[in-house]
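Undergrad: First to last, the protein sequences are chains E and R.
According to the working numbering, the first sequence is numbered sequentially starting from 21.
According to the working numbering, the second sequence is numbered sequentially starting from 883.
Hints are computed from structural coordinates only; laboratory data are not their basis.
Every residue gets a Cβ at the ideal spot worked out from N, C-alpha and C, and that includes glycine.
Errors might be hidden in some of the hints.
Taking CB as the label site, the calculated pair distances span [unchecked claim]: (1) Asp222(E) / Arg929(R): 45 to 55 Å; (2) Lys1054(R) / Asp98(E): 34 to 44 Å; (3) Asp179(E) / Arg1051(R): 39 to 49 Å; (4) Gly84(E) / Glu1075(R): 41 to 51 Å; (5) Pro215(E) / Val1050(R): 24 to 34 Å; (6) Tyr154(E) / Phe1058(R): 44 to 54 Å; (7) Asp179(E) / Arg1194(R): 17 to 27 Å; (8) Lys175(E) / Asp1083(R): 46 to 56 Å; (9) Glu1164(R) / Pro267(E): 57 to 67 Å; (10) Tyr1136(R) / Gln89(E): 28 to 38 Å; (11) Glu893(R) / Thr257(E): 53 to 63 Å; (12) Arg1047(R) / Pro267(E): 40 to 50 Å.
One side only, chain E facing chain R, incomplete, derived with CB under 10 Å [stated by the list, open to error]: (13) Asp88; (14) His174; (15) Gln178; (16) Leu262; (17) Gln263.
Cut-off 16 Å, straight-line C-alpha distance, at most; resulting in silico cross-link-like pairs (EDC-like, lysine to aspartate or glutamate) [what the hints assert, rightly or not]: (18) Lys1204(R) / Glu227(E); (19) Lys1203(R) / Asp168(E); (20) Lys889(R) / Glu1102(R); (21) Lys896(R) / Glu910(R); (22) Lys1125(R) / Glu1159(R); (23) Lys1203(R) / Glu171(E); (24) Lys1204(R) / Asp168(E); (25) Lys1206(R) / Asp168(E); (26) Lys1069(R) / Asp268(E); (27) Lys1203(R) / Asp268(E).
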Amino acid sequence: MSDALFEYLCRMGDNTLVLGHRISEWCGVAPVLEEDIALANTALDLIGQTQLWLGLAGEVEGKGRDADQLAFHRDVWDFRNLLLVEQPNGDFGRTMMRQFLFDGWHLAQLKGLMTSSNDQIAAIAEKSVKEVTYHLERATDTVIGLGDGTEESHKRMQDALDRLYPFVGEMFIADAVDQAMVSDGIAPDPSTLRPDYDAMLDAVLAEATLQKPTDDFAHKGGKSGARHTEHLGHMLTQMQWLQRAYPDATW
Amino acid sequence: MYAQMIKSTGEGVKSLDDMEPEERAFQERINAGGKIEPKDWMPEGYRKNLIRQIGQHAHSEIVGQLPEGNWITRAPTLERKAILLAKVQDEAGHGLYLYCAAETLGVTRDQMTRDLLSGKMKYSSIFNYPTLTWADMGAVGWLVDGAAIMNQVPLQRTSYGPYARAMVRICKEESFHQRQGFDIMMKMAKGTEAQRKMAQDALNRFWYPSLMMFGPSDAESVHSAQSMAWKIKMNSNDELRQKFVDQTAPQAEYLGLTVPDENLKFNEETGHYEFSEPDWDEFFDVLKGNGPCNTERLEARNRAWDEGRWVREGLLAHAEKKRKTAIAAE
Ligand SMILES: [Fe+2]
Ligand SMILES: [Fe+2]
Ligand SMILES: [Fe+2]
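With the rest of the complex left out, here is chain R (with noise of 0.2 Å):
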């Protein structure tokens, strides 16, 4: 998933009771199956619930295309290496649709990259950890991808217009991404004896992470449950992460790849896998900006954007003094 430990309100869910006609209204909108669409009335809290769980998105997006950029000049066919490119520009333009999205709330996308360059916002803990070799890009690609789908294919149904289009577009392209990291992992561990090694590897470093994903169980939540009643969040951490799990356990088993818990096994009579929760403090310590990569995804990102000014200056200076010999001419 890649908007964890969003907040809300933070005041307990209000009953429709308790609500002004305009909000319960808009409740009622909700609650029937209705979108919010951007010039409606919304609660103030909503927007801005809604502001930061579409940037940190959106920023996760951006900052994603960074540990996969970094096998692009590496990946190992040409057809590999197109499929890789691909990938990453698809994630781009992901990031473009859910920054046009939020948008529609009212702030600008020049305001989230300043939030997201000064470590206010957050992007998703997944990014912060290295692909340290090729089969990592068939990890990524079958378990991230496959983690955030699980999460973004019920958001098709949010309650917020622009956010719920944005993600039908994201949805058809995630789908491919992650038979794509599969089709990887498949001809890993299929492989010599080197790829098998690395294949395993890749899914030893990523199991748990990807577990992380989902964030903490947000069973007890007050911000979980106004984003449930809002319909910006459709599942529970513990049911997606208990969904992920049962997917991809038995994919691994075909891969003919272990995963590494030892606890990890089915359980006919609820019909779901049990398995070991990951390491909460270790997630705890990514969000704080002690992951692996934090330091070097932050960087690459500032770097970026500094190094890129005198382009952005540039090319606004032309198109204002081509606005001004227009208006001039006229």
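This is chain E alone, in the form it adopts within the complex (with noise of 0.2 Å):
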């Protein structure tokens, strides 16, 4: 049980560190002051939100590690996110069709962990809900006004959607992790949340004069850790390299 638990919240952290670090990289360069604020302030939120998740994770292990042990001294196998967070930034435009499709899913999530048999999590998720639900909120709006905006943004945002439809099956997929935390009351089941967010998505994608793609084909292997793709451990040679290099330091 507290396996399931601990690979649980290890998702839950992966998962922000991951899209956290991915949007942190855009610092500086973004297509306008306004966006570098906004996607400064995402990536922040979502760190926090590692911050949380990651130390209950260590917390209920119960072999010492905190949530900087996890995020900095694990390998690529170790990572539970999904594979759609790790995908490359790309242009402005995947970068928010990423997140878009990510937070979709993600605040449908944490909604379910509000009601959490489990007060720790129902906290973090309570206060995760109301950063997520305006990271929602921008991301559609982005994805909308680009969508149906010039001919080339409709353009790179309909690849962007192709390219990244593929990594949202993963997200709604239960596995036997999903099931113990269904069993026990902790978390929703995933697979009940895929009608809400395919309304949503159909919603969204239609004003934004987008075409979902017909084929529901899904890449899985992220949230197992059973097969990550190659990004992520270039991410991790970085993110992880001032802890591995100086180990005895710290910070």
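Dock chain one against chain two, each of which comes alone in its own frame, and use the hints as you go.
TA: Okay, structure coming up:
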């Protein structure tokens, strides 16, 4: 049981860690100053959530690892984030499409966690919901604005959607860890979140004049850790470098 | 300081008696500590001088994101990453307030951005130096934000209302940045041998460039005299540099680090530190575009602007479509 809970908390924390890191790569080079500020703000929220999720994961594990040890001293196969969030930023359109696709799932997931039987999880969810509600609003506006903008922006957003859609399915596939969470009343079954998500997606894409790909194929292997993409390793070499190079130092 | 070598009218300061009534009233208001607001009459020289100064300050905040952004993806802990992200976000916010303040003088942010990207407008020399180790995040906060504060605190009393108000908001955040930078330096200086070495190396590289931030001595400058009469500039460059050294030297000692200046010593009689001047040839080289990172910094800003064009155009086109639909529905 506590193994499954540890796994589950790593999933939540690794999603926010990896996506927060990805967005922070935009620092100082966004298309417009207001976006620099908004992207930094989103990254900041996600890193803050990471501290909570991974901090709790370390407590549950009970081996004396804290959030930093989990973030900076695990290798690729121990990461439990969705494949979607480790995808490279691409252009600003792809970054915002990835954000939108993730936020829609993330918000639904967090809302489900607010009534978790685990009080600490419910508290983290409650704090995060406020932040993520805003992330989703902003990502939605951007997807609509750029989808239904110029010919070029429309094409770039359609390309982004086509490229990222195969990573949507993994968010809703329930496995043994999820089932353990459901039976303990800790977390919702992700597959039950799909219909509302699809309805939201269809509405936004219609307004954005974008076409949802017809192929529902889903890549898997992120949340189980079984098969990440090649991109995650490169991210970790950068993110973990100082900690690994100077393991006896405190910062 | 984020504004260096700002040109004023280049003419001497006029006496009150030589002024037309309008200008005289303007100057008397400034002398009495009053504020000038956007709709008030102002001499053309005052307006242009302010645009140059506020614009350069804003550009410095924007370009200043880059040397620190360089370490966000390599920050050693989640806490440090969050603090650095928040700092860089603050700097972008400072840029935004300052562009807004400059816009009240009749120039657009787009125009100022184009002038930055073409190299016509400058940003502070300090951001053309590289950040090579994590200790540089400490040194930048401690020394660079520290030097910026020296100049910005008095500017809270500057004569131009929107500029003064922007400074009040900015100063609160800058003093946080400086404390956070010092905190990083503390951890490094009291850490392992390798960390101590990084801290000393960062101080060695950032000491003189920080002194250069104040600009060369301007005791004789007609530009500075005019700016000071208008209360756009509150202190001379040498005054601020001295204040900075007086504040920073004991902090370096507290950290157990050595300021890279053999001549640095406290003078009991004056109550101030004596110190060596930075290499002003290097300063002018940096201003001319020959600093270690000028090319990369401008390239990065230009790339961001060019690659972001489709985004700005797309969002604009969408807003326009929505506006038209709204009108059609009325
Ligand atoms: Fe700033
Ligand atoms: Fe700054
Ligand atoms: Fe700052």
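Undergrad: Failing hints, ascending?
TA: Per hint list: 4, 5, 6, 9, 15 and 27 violated.
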